[in-house]
Amino acid sequence: MILLAVWSFASPWMLPWLAAVAIPVAIHLWSRRRYQDEAWAATQFLLAAIRKHQRRLTVEQMLLLAIRVLVLVLLAIALAEPMLSGWPIGTTTTDEPPRFTVLVIDTSYSMGFQEKGRSRFEHATQLATDSVRRAKPGDAFALVTLSEPPSVVVAQPSANHAAIVDEIDKLELSHAGADLSPTLHEVANLLNAVAESQSRFLDRRVEFLTDLGRTTWQAATTPECRQQLNDLNNLATLEFLHTGSVKANNLAVTRIETDGRAVVGGEAFAIHVEIENAGAANENQKRIELFVDERKVGEKHVNVAASARAGVSFNQQIDVPGDREMVARLSSDGLSVDDSRWLIVPVRETIRVLCIEGKLNAAAYVALALNPSDETAMPRQVQVVSEYALLEKDLHAYDCVFMCNVARLGPTEATVLRDYVASGGGLVVALGDIVNANSYNDQLSAADDRPLLPLMLKSVTTGEPRYFVADGYEHPLVKPFRGHQRAGLLTVPVWSYWQFDKLAEEAEVALRFGNNEPAIVASTFGRGRVVVVSTALSPESVNTSDEGTTPWNALPAWPSFPPLVHELVHFATKGMQDRRNIIVGEGLASRFLADEAEDDFSLQCPDGIEIRPDEINQTGWSLAETTQSGVYRAAQATTNRSERFAANLDTKESDLVAIDRELLAEFASDESVVVREASENPVSLFRSMLTCMIVLLVIETVLAWSFGRAKAM
Amino acid sequence: MKTGVDNSPKSLDPQTLAKLKGLQLRARRIVEGFISGAHRSPYRGFSVEFSEHREYAPGDDLRYLDWKVFGRTDKYYLKQYEDETNLICYLLLDVSESMSYRGPNSAMSKLEYAQCIAASLAWLVLQRQDAVGLATFHWEVRDTVSPSSNASHLASLLSVMENASPRDKTSVGNVFRELSQKMTKRGIVLIISDLFDEPGSVLSGLRHLRHRQHDVAVLQLLDPAELQLPFDVPTRFRGMEGAADIAADPHSIRSGYRAEVDRFLAQIKRGCLDNEIDYRLLTTEQPLDVALAAFLTSRTSMTRQSR
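Protein sequences, first through last, are from chains A and B. If you read the first sequence in the working numbering, its first letter stands for residue 1, the second for the next number, and so on. If you read the second sequence in the working numbering, its first letter stands for residue 714, the second for the next number, and so on.
Extracted from the complex, chain B is given alone in its bound form:
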């Protein structure tokens, strides 16, 4: 589907989007730029919509044998169809104070970026008539919106997202444990957070979600400044989420800081892989449609592989 809107990557970079007011407008711009018929359901099943042929193997259901092909070629091929699913997507959005950080060269705060990503995903899911729910959290679950596939459901999702002013500290482990209790129906759980918590606690929470048979995907979102510590002059870092202020010379601690961050990220990533959790690191400088496309493409390939 092609729209009249300029959907080049440039137009979807965070600087451009930041000029747009309203989450809905931003999400629509992202989705419109992104969707051009490329989207497909990650699930295949018994549907009317033909997907592809596959060579017959003993044990396959003969109902799906393509007799026409057999008549022409004397070879057995099975028809495969796109699955019509009743997907439930749970969006878990971190609205703790740390998400409000916006680096000196960033157009959006992490929360703004996360809101855009969440809104876009919600839009995409709803467009496919799948159900999408939302939970915002900091040290506890703050707001929840029950899953629904109703198109009008988007407004309430965006409203919750927009009204989620960042505050309090993160306590991901507890929140995930709590939510895993609430999300009884199996679905896709999409977590958008900086995960600034103890890695052990984070991974423990994620394991709870996996334990509930959810398909969990983590979009860890960081500001580029949080990765690089790009400051040149001695700086007093005012701690968010109630942390103490720290005065330091960024020059002298940069390498140590980066090592710590890398270690943390590696730990999270390793934990995710071990628990078959789809993990992706995003930074707020990345164009949103590119980030979204890369995420969904990797999801698609992962889903196919899993089949």
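If we strip away everything but chain A, and leave its shape as in the complex, we get:
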């Protein structure tokens, strides 16, 4: 591999100082013209001396002049802060045929990692710009970003180099990762189009300017991507220019969340923050701060081992209901974008629960457990209605819907429930003795795309009492019971329950019976959560036999019943909070301003710029895709109502480790694929230049003294 250093300058506007080299030259020339006159008799000796020493004198003078000029050149170059930034890419000579180069620039946020005063992304764009500027007239370029999703910035081969450079300058780092396969697909499309329509471009190249982060490039080892790369290699020469360094440490805030329950004003809750150390060195005493509505409320220090995660918790209590913007901030490091993580916590005055009972009093115990005094001022307001009222109620007015032993569900009811959960509502389905399995399976479990319930109802089993098993209380739903065995969760006798079938992959078994059959299953649907309780939550569900009537379980009479119902609500309603906290790239939607006038509406991005939602109508507004991490603010001026949404990074891109280059070299069996280091660290030559300059000054002084001494002797 030919190593050709590329010079770039951090302060190129200092280069005009190079003109200062004219000063010693001018002085040299001027001094040669400035003679004093002297009549002289002994000219024969002068002539002899000059004849003998002229060459040496000329060499000495030229040497000193060259050193002086070089000193000024080095000074000017040093002031321009030269950077040794790797190899030129796409260099051509004039006698070669025109070349078509697809520049693929990685814009995943890991490219924002700062090394030696500039980011990997700046380095990559600089290299791309250098490549374009070095190209000969007639060479054409296309520009694609390696991002998620990929973006084809310049699709048609463009020989307008200034325009390409302009487009490169306009590129921005994304707040997301990169998706390799779609990017390769786009590049292949470009190359195919050029190969078919523009035959003059016999020399085709694809330049990947990337940090080769394993999060993105691990996909190169999959059969699909491998095939794509091989196909690309048949169309063009591939070059992978690694702009990152091998050793890069990074800490990221990977999680910030409450303890799983909807936050009610005046109730204490915990904020859990998780920090990941993706580097190879332990990080000790790293400061993590918590801000609520831009006011610092806590600070902790944490040790994070290499390639490990650590968590800290902050206890908070907020009395006034409303949206609260929380942000956890780490002390800044090389990649600052993942050092903060936001959380919008809607602090509620109360949690509104709608209990739908299929059998009379099927929800009575649930309602009693949630609101024992039946007062409206309680933190949880419960309304019990019969199953017939399901379609009459606006479910969006409630945080949680409890279905207690509802026998059947029609398609319309299923749709209402699906919409409700998809938009962030919580649904708890407590089964019972009148439940019709076929109806449930048909309406809720057998949707074409994704079923609302993550399971199928099989049959009711009745017999010897079964007891719950909590599996170490790992699931958030039963976690509060850990250490409270006297609450009796594991001692409740259950005689009858529904057996489940075809549990979906995403289904979580929060509680099971001793025979390993699921007792409580949780899953997510859209932005909301669904919990299915396999047994009844009221003594009204009974099993009738010759021996008499026995209830399905003793749960309503057990001390663990009220806390279990509360935890079911907490868990189910967390979706209301999740709706406000998304990952960058996901969309935003709200019914909040559905009936408001469109003109009064504003949606502000984290960078302060206002944008229009993709859709806004009487039913609400939506934004198909978020692009920045931070807080999006929706506001209605006339009503003074607002809503905030937090968009956070998918922190898998915070892993800055590059893939093993051998993985790429593996398929690069021929010479048309090159994997190169652009230079792990752009090397600043400022100090080297100054050192050379000082050395030259010393040499000049010594030489001038030496020459002068020789002449004086």
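Fair warning: there could be bad hints in the mix.
Ranges between beta-carbon positions, derived for each pair [stated by the list, open to error]:
| hint | chain 1 | residue 1 | chain 2 | residue 2 | range |
| --- | --- | --- | --- | --- | --- |
| 1 | B | Q926 | A | S706 | 52 to 60 Å |
| 2 | A | T58 | B | D945 | 17 to 25 Å |
| 3 | A | S706 | B | D945 | 14 to 22 Å |
| 4 | A | V702 | B | A972 | 51 to 59 Å |
| 5 | A | A39 | B | D987 | 29 to 37 Å |
| 6 | A | T701 | B | R951 | 30 to 38 Å |
Where chain B lies over chain A, by a calculated footprint (3+ residues, C-beta under 8 Å) [claimed, not checked]:
| hint | stretch |
| --- | --- |
| 7 | 22-28 |
| 8 | 49-56 |
In case anyone wonders, no lab produced these hints; they're calculated from the structure. C-beta atoms are modelled at their ideal positions from N, C-alpha and C, and glycine is treated no differently.
Starting from the known structure of chain A, arrange chain B on it as the hints suggest.
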């Protein structure tokens, strides 16, 4: 002989002498400062003036045996007497253009200095009733004054010297050859010149003089600047004697120049020694009486040694 004139070396340095107008005045000042009974004839012979005793050696003439000493000591000593000579001294004065050079720190040009030396020597020789002649030259013999021991002869010598305005280039070899033809009577030939000519030509001319049995002495006279090249700034050297102008940086060529000058001087000196020619390098910064004394002292010792 002591005079009332201040004859300390300081008063005879070139700066002081340069303030005196007239060669005669300058020469008298030098000679008066110089002569204080120290001068003696370099020749010993049969004279009435006793010089010293010498132990008898077989073959010596018994006429000069000092019988009085023999009577007192029973040892044979011979009396020796100062020679009364009829010395002819030829002064050859270089009046070429190069002799007009006067360095930036010099009070006199080389020619002025040479005139003083020549005039002083002429005065000294005449004071001893010896004959002195003069020839001025550049590329050819310009003026000559025949030798004479007449005291009034000095005026004509000084007049020729004073009127010798420097011009033309030096061609020492030819001049010396020509003069050696003219100076038929054997004597002392004193050459005062910068000898800026080809060393081979110079030495060839000197050999001609020696060939004529002359006792030749060379006073090579240079300005200190010609030895040192003391200039600091780039200089355009205007060549004398028709030489081309040379622009140079004295800093850069000083060492080479000095080496060339040293080589030239060494060559001349070596040639003189080889031909038994008394050689002395003078610079125009030296006090004239000191220079003259040093020259005459060395002449005296050389003459004695030769005997």
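Status of each hint after checking the structure:
no., hint, verdict
1, B/Q926 / A/S706: 52 to 60 Å, "holds, 54 Å"
2, A/T58 / B/D945: 17 to 25 Å, "holds, 20 Å"
3, A/S706 / B/D945: 14 to 22 Å, "holds, 18 Å"
4, A/V702 / B/A972: 51 to 59 Å, "violated, 23 Å"
5, A/A39 / B/D987: 29 to 37 Å, "holds, 34 Å"
6, A/T701 / B/R951: 30 to 38 Å, "holds, 35 Å"
7, 22-28, "violated (count 0)"
8, 49-56, "holds (count 4)"
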